[in-house]
Amino acid sequence: MSIDPKNCLFTLEVDRRFPKPLPGQFVQVASSTELTLRRPFSVAGASRPGEIELLVELRGKGTRSFAETHEGATVSILGPMGNTFSEPSTGEIAVLVAGGIGVAGLRYLAQELSEEGRRLIILVGARTREALLLGNLLPSATEDGRIRLEFSTDDGSAGHWGTVCELLDSELEALEADRIASPRLYCCGPPAMIREAAAIASAREIPCEVLLEEIMACGTGACRGCVVMTKHGYRTVCSDGPVFDAAELVFEEAPNA
Amino acid sequence: MSIDPKNCLFTLEVDRRFPKPLPGQFVQVASSTELTLRRPFSVAGASRPGEIELLVELRGKGTRSFAETHEGATVSILGPMGNTFSEPSTGEIAVLVAGGIGVAGLRYLAQELSEEGRRLIILVGARTREALLLGNLLPSATEDGRIRLEFSTDDGSAGHWGTVCELLDSELEALEADRIASPRLYCCGPPAMIREAAAIASAREIPCEVLLEEIMACGTGACRGCVVMTKHGYRTVCSDGPVFDAAELVFEEAPNA
Amino acid sequence: MPDLTTTLGRLRLANPIILASGTVGYGREYASLIDYSTVGAIVTKTITREARAGNAPPRLKETPGGLLNAIGLENVGVDRFLSEKLREAATVPSALIASVAGGSVDEYAELTRAVASREEIDAIELNISCPNVERARRPVWDDPEAVGTIVRAARNATEKTLLLKLSPNTADIVSVAEAGEEAGADALVVANTLTGMRIDVEARKPSLGNATGGLSGRALLPVNLANVWKITGAVSIPIVGSGGIADPDDALEYILAGAAAVQVGTALFADPGAPGRIAAGLADYMQRHDIESIEECTGLARKEKEREWQRTTAG
Amino acid sequence: MPDLTTTLGRLRLANPIILASGTVGYGREYASLIDYSTVGAIVTKTITREARAGNAPPRLKETPGGLLNAIGLENVGVDRFLSEKLREAATVPSALIASVAGGSVDEYAELTRAVASREEIDAIELNISCPNVERARRPVWDDPEAVGTIVRAARNATEKTLLLKLSPNTADIVSVAEAGEEAGADALVVANTLTGMRIDVEARKPSLGNATGGLSGRALLPVNLANVWKITGAVSIPIVGSGGIADPDDALEYILAGAAAVQVGTALFADPGAPGRIAAGLADYMQRHDIESIEECTGLARKEKEREWQRTTAG
Ligand SMILES: Cc1cc2nc3c(=O)[nH]c(=O)nc-3n(C[C@H](O)[C@H](O)[C@H](O)COP(=O)(O)OP(=O)(O)OC[C@H]3O[C@@H](n4cnc5c(N)ncnc54)[C@H](O)[C@@H]3O)c2cc1C
Ligand SMILES: Cc1cc2nc3c(=O)[nH]c(=O)nc-3n(C[C@H](O)[C@H](O)[C@H](O)COP(=O)(O)OP(=O)(O)OC[C@H]3O[C@@H](n4cnc5c(N)ncnc54)[C@H](O)[C@@H]3O)c2cc1C
Ligand SMILES: Cc1cc2nc3c(=O)[nH]c(=O)nc-3n(C[C@H](O)[C@H](O)[C@H](O)COP(=O)(O)O)c2cc1C
Ligand SMILES: Cc1cc2nc3c(=O)[nH]c(=O)nc-3n(C[C@H](O)[C@H](O)[C@H](O)COP(=O)(O)O)c2cc1C
Ligand code: FES
Ligand code: FES
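Chains as they are written, first to last, in my numbering: chain A, 1 to 257; chain B, 258 to 514; chain C, 515 to 829; chain D, 830 to 1144.
The set of hints was computed from the structure by calculation and includes no laboratory data. Remember, predicted model here, so these are calculated numbers, not experimental data. Virtual Cβ for every residue (Gly too), placed ideally from N, Cα, C. Keep in mind that the hints are not guaranteed to be accurate.
[As the list claims (entries may be wrong)] Below 30 Å or equal to it, Euclidean Cα-Cα: the simulated BS3-like pairs (lysine-lysine) are: (1) C/K719 with A/K6; (2) C/K599 with A/K61; (3) C/K674 with C/K599; (4) B/K488 with D/K1034; (5) B/K263 with B/K277; (6) D/K989 with C/K719; (7) B/K263 with D/K1034; (8) A/K231 with C/K674; (9) A/K20 with A/K6.
[Said to hold, decoys possible] Not the full set, but computed from the structure, chain B residues with beta-carbon under 7 Å of chain D: (10) T293; (11) A474; (12) G490.
[Claimed, not checked] Pair ranges (Cβ atoms, derived): (13) A/A73 with D/T920: 45 to 55 Å; (14) D/T978 with B/E509: 33 to 43 Å; (15) A/A67 with D/P922: 41 to 51 Å; (16) A/A67 with B/S322: 15 to 25 Å; (17) C/R652 with D/K1132: 23 to 33 Å; (18) C/S631 with A/T230: 28 to 38 Å; (19) A/R127 with D/A860: 29 to 39 Å; (20) D/R1140 with A/H232: 23 to 33 Å; (21) B/S333 with D/T920: 19 to 29 Å; (22) B/S259 with A/S65: 21 to 31 Å; (23) D/V934 with C/G747: 22 to 32 Å.
Required output: the full structure, derived from the provided sequences and hints.
Dropping the structure here:
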């Protein structure tokens, strides 16, 4: 299903042997026999048994040929792979921070937390109003304030005019004042956003988990191709991650810094 | 249009600038962006202005991705390329010998000769009865005997049981006895058939033209990739051919001969 | 059922399909995805004396028909390999080949001795060809004498089967192959990756953190197949073909060119079922052509061409 | 409109896109298909002293992402080239580069003198790298000294721009590049095809009549791009990138790596409009990035990486 020209939501029927995925886990999709590598996508929903959903931004050959797959076609997937997020403890409020297609990495988590009756703040940042269509795929805000959904756009065409991290900062500020519950952050989005969210979490001493992306080959930890630097050396996104404690990550010097 | 599981007839609308092709000429089709080379196909019909027909046997990647092209899609073709057949003179009867998909190379010639009111004998050889479906694409035999259509199959399931060259030999025998007209041969088919037809023509001192196939890159004579050996050295199938006087060709020693 | 067993030195493999170094880790990582009963042997990620952190990411870049990698020989070092990883690797039912790379002749000998001393390890593959760590103008893999010295040192360190993995980044792979045979290698792996790179034009920098990497996958096949073809005539030890093998026909091409076995690497990423598909395809080909043992296939195309050359020269 | 002109030795090209030797014949064959106003220069099929019949067919084999060819330098020989083909070639409005290959140093000098004496010819490309005719163990293209001798002899035979076309089939292309510069080449073409082959498993023989051939097309790009990258740091004469260029970004990768111009060959077969597409894409990139002259792009990625290396070493 196409959401807008840049993004598609896929529903895949899976084999009965396919284990129920955990939020944060991903699958490796073989979208075209012309490609050397599979493409990893977060499980963006698995509410109905025997089905998983993927939310895919069209970027290059792999995602485009996936989008051209016609309904009813069979696609080879491997998974679910990778680790999962920590659960928020009872006193915690989950703050989900998604940048653009980062929504895909957090949607399943949001659905699970919402079903468990947890308190949730979901912050979605995007370039323009159109991208907020992604927000429609997330659990809706509830009237009792248990689930809140806030937006930011780079061009101010919807929600807060600015970055989602600015939004995050002010939300955390408000939470601190309120002293209602301690926040736990879950982030997925472009590298610059991840880095900034991690800095905010670190400054405020808040637990923060991030879902990272790296180009992958094996998806099993075998090839050492998808590493990120951590305080304990390189770790693989596919098998040590894709979810990492932000405090463990070592960010490269920013370019031109 | 699919004729049978192995063969497709395509009708392509062409640009107004596309010149009217001559029988024997071919076009170079870009059937998939994944492929390094275009694929050459004989013009198998061009009776209606602004349209050409291609008759394609599915062999490998190029032909298969061509067959998967959905109706209405735009396909890039170059051409028409290559030379053409000599016209039969007034005293001559045209004998067309097609082996399998070789029908594609002679169909447009058959149509043109038929329209010009020429005398025609068309011999089609195939493996089994099914392949005779290709025969349906040729001009029908006329009651006055001006156009005759004969078949042979390797398994005897239709027409003469044996090779098309056996059929050719007996037709020529009959023509010789009749002394009605001198035959002129036009052949297209697998290498072994071409070789045998050429030998028959040479033994009987009958003019014989053959349409050859070689893997092509440029299609213009520039790359020297598609050569066949002739009495004057290597000649390119794309620009010196694809139609050659059989008497000029030098056939390789048969394998294991 | 046709006979797929094949022999490399003292090592008898149930099946000519070997999984290539660096693409299956220590085998265990792929345990749930690969049917190891269709795999004759696996080669470990190359082991060095000290642990290596490897190169800065990105380490992978897909290219048309291929894959560039610049892992930089990330590995835990020989001690942790023997104390931790070997146990994992030994759970894989296929034969186990340890790949080693040294920084000096002595290190090659030392590493060979260390890994060969363990009974779980059936053979040793000498990696002299990793393009991601070499910096000299004339690399070791291009120097028959240097290669001979390394192989001799390793040969003195073990009686187990010794494979030498060559590099395609050379003008004269045949001389290196001959030097390897002469120095006592039991088999030649032909070959590793080609040096390559891509550039991100918007970022105006190399796509790989290490700038250059090794090109593997289908794009590499024609080059390494030609290398097998050239070497087949020159040496009498078995050759293991490697580079871009994804389908049964790819494996057959290497075997008909002269290989006794093949390695499959990059193809696993798209299809962990590739070894099984290839094994089945080989069996099918042999049945269709009435061939009883895969060993009969080795070099058939090469032998046929040699006969043809003789006919032409004679005629 | 951004400035696409570029300079190789004494030759000023309207456009950095050159059509590669052997893929456009003498230019005329493609006259109705290629818009030569988007082409800076064409290189003729390589010319030898005597006419050459070339190799037995099949001469072409498509491979994943690439093309194998074994034409075998079929050409009419220098005399008929000068008396017949040159007239055709001269009808093409782009600059004309004659590619020559000799069987000896003297032949290179002789051929260079012969073609350079004709005013229709703007530059000479020395082809020392055709993989389809070389038979020696250590080929000329792998031997810096031998290459230097050839280039010196050709240099003495003409003052026109002299391009040297290198081979990627070597472990140390940098030393060959340096020898070429040292001996007086005005520019380096980096590079020719890689040796490769395929086998037809049903016929059990090589797909090419000549068994092995040269691999061109997209599959080759990462390898020749890495070669440009390596050479850029070592020589100061201009580099012409060649291998697998089909899209504007491909050309840009070579240019950002250090090339002053590029050659397009195999891509013409699928799309004779490729030069035009590439020229338009380069202009578009330059406009988007506010670059006035394509010459400013040469080596940008390499220079950036060198700065980074310096930072790392300093820090
Ligand atoms: C664990 C994980 C989960 C992911 N989840 C999603 C998801 O739910 N939805 C979604 O749209 N995308 C997701 N991605 C990113 C997705 O894998 C890439 O967008 C996709 O592989 C691009 O393929 P392509 O062929 O279209 O683009 P390509 O042509 O291969 O590349 C286009 C651009 O994307 C970059 N890229 C390529 N592969 C990856 C990769 N594996 N990870 C990050 N960047 C890459 C390239 O460097 C290039 O800049 C995820 C990645 C990872 C590692
Ligand atoms: C002048 C000319 C006219 C032709 N006309 C027709 C036609 O009208 N209808 C038709 O079905 N086919 C025709 N062919 C053959 C057609 O071009 C090939 O079948 C096609 O290129 C195969 O492409 P593929 O990708 O499907 O197969 P591939 O996977 O490329 O190859 C499959 C098999 O076909 C052989 N082959 C590949 N390319 C060619 C080629 N150019 N010529 C001959 N054999 C080739 C290969 O060696 C291989 O054995 C013609 C060829 C030429 C040269
Ligand atoms: C991600 C990756 C890592 C590799 N690591 C090693 C290695 O550590 N040692 C080695 O000898 N070869 C290594 N190789 C090369 C492979 O073993 C193999 O020789 C090469 O990839 C060609 O085969 P393929 O095309 O089937 O992958 C590596 C290849 C890849 C793709
Ligand atoms: C059919 C064909 C013929 C070629 N003939 C020659 C030749 O005669 N001389 C030469 O120097 N290079 C020759 N080449 C190599 C090309 O000039 C070019 O260097 C190579 O193909 C890589 O570029 P590409 O990938 O853009 O084709 C030939 C290439 C092809 C495909
Ligand atoms: S993709 Fe191979 S280790 Fe992560
Ligand atoms: S295909 Fe290039 S000369 Fe015929």
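Taking the hints in turn, this is what the structure says about them:
For the suggested pair C/K719 and A/K6, the alpha carbons sit about 26 Å apart, so the restraint of at most 30 Å is met. Between the alpha carbons of C/K599 and A/K61 the distance comes to roughly 37 Å, so the proposed pair goes past 30 Å and is violated. The straight-line distance between the Cα atoms of C/K674 and C/K599 is roughly 20 Å, inside the 30 Å bound, and the hint therefore holds. At roughly 26 Å between alpha-carbon atoms, B/K488 and D/K1034 fall within 30 Å of each other, so this suggested pair holds.
Among the hinted pairs, B/K263 with B/K277 is consistent with the structure: their alpha-carbon atoms are about 28 Å apart, no more than 30 Å. The hinted pair formed by D/K989 and C/K719 fails the criterion: a straight-line CA distance of about 35 Å is larger than 30 Å. Taken as a hint, the B/K263 and D/K1034 pair is honoured in the structure, with Cα atoms around 26 Å apart against an allowance of 30 Å. Under the criterion of a C-alpha separation no larger than 30 Å, the hint pairing A/K231 with C/K674 is inconsistent with the structure, at around 40 Å.
Distance restraint check for A/K20 and A/K6: the Cα-Cα separation of roughly 28 Å lies within the 30 Å cut-off, and the hinted pair is therefore satisfied. Because the smallest distance between the Cβ of B/T293 and any Cβ of chain D comes to about 5 Å, under 7 Å, the interface hint for this residue holds. The closest approach between the C-beta of B/A474 and any C-beta of chain D is roughly 4 Å, which is under the 7 Å cut-off, so the hint is satisfied. A hinted interface residue such as B/G490 counts as satisfied when its beta carbon comes closer than 7 Å to some beta carbon of chain D; here the least separation is about 6 Å, so the hint holds.
For the pair A/A73 and D/T920, the supplied restraint of 45 to 55 Å holds, since their beta-carbon distance comes to about 51 Å. A beta carbon spacing of about 40 Å between D/T978 and B/E509 agrees with the range 33 to 43 Å that was offered as a hint. For the pair A/A67 and D/P922, the beta carbons lie near 43 Å from each other, so the given range of 41 to 51 Å is met. A C-beta distance of roughly 18 Å is found between A/A67 and B/S322, which places it inside the suggested range of 15 to 25 Å.
The beta-carbon spacing between C/R652 and D/K1132, approximately 27 Å, falls within the hinted interval of 23 to 33 Å. In this structure the hint that C/S631 and A/T230 lie 28 to 38 Å apart at CB holds, the actual value being about 34 Å. The hint said 29 to 39 Å for the Cβ distance between A/R127 and D/A860, and at roughly 47 Å that hint is violated. Between D/R1140 and A/H232 the CB atoms are about 25 Å apart, so this pair conforms to the stated range of 23 to 33 Å.
Remark: the range hint 19 to 29 Å for B/S333 to D/T920 is upheld by a beta-carbon distance near 26 Å. Judged by the Cβ atoms, the range 21 to 31 Å given for B/S259 and A/S65 holds: they are separated by roughly 24 Å. The hint said 22 to 32 Å for the Cβ distance between D/V934 and C/G747, and at roughly 30 Å that hint holds.
Hint violations for this structure: numbers 2, 6, 8 and 19, all remaining hints satisfied.
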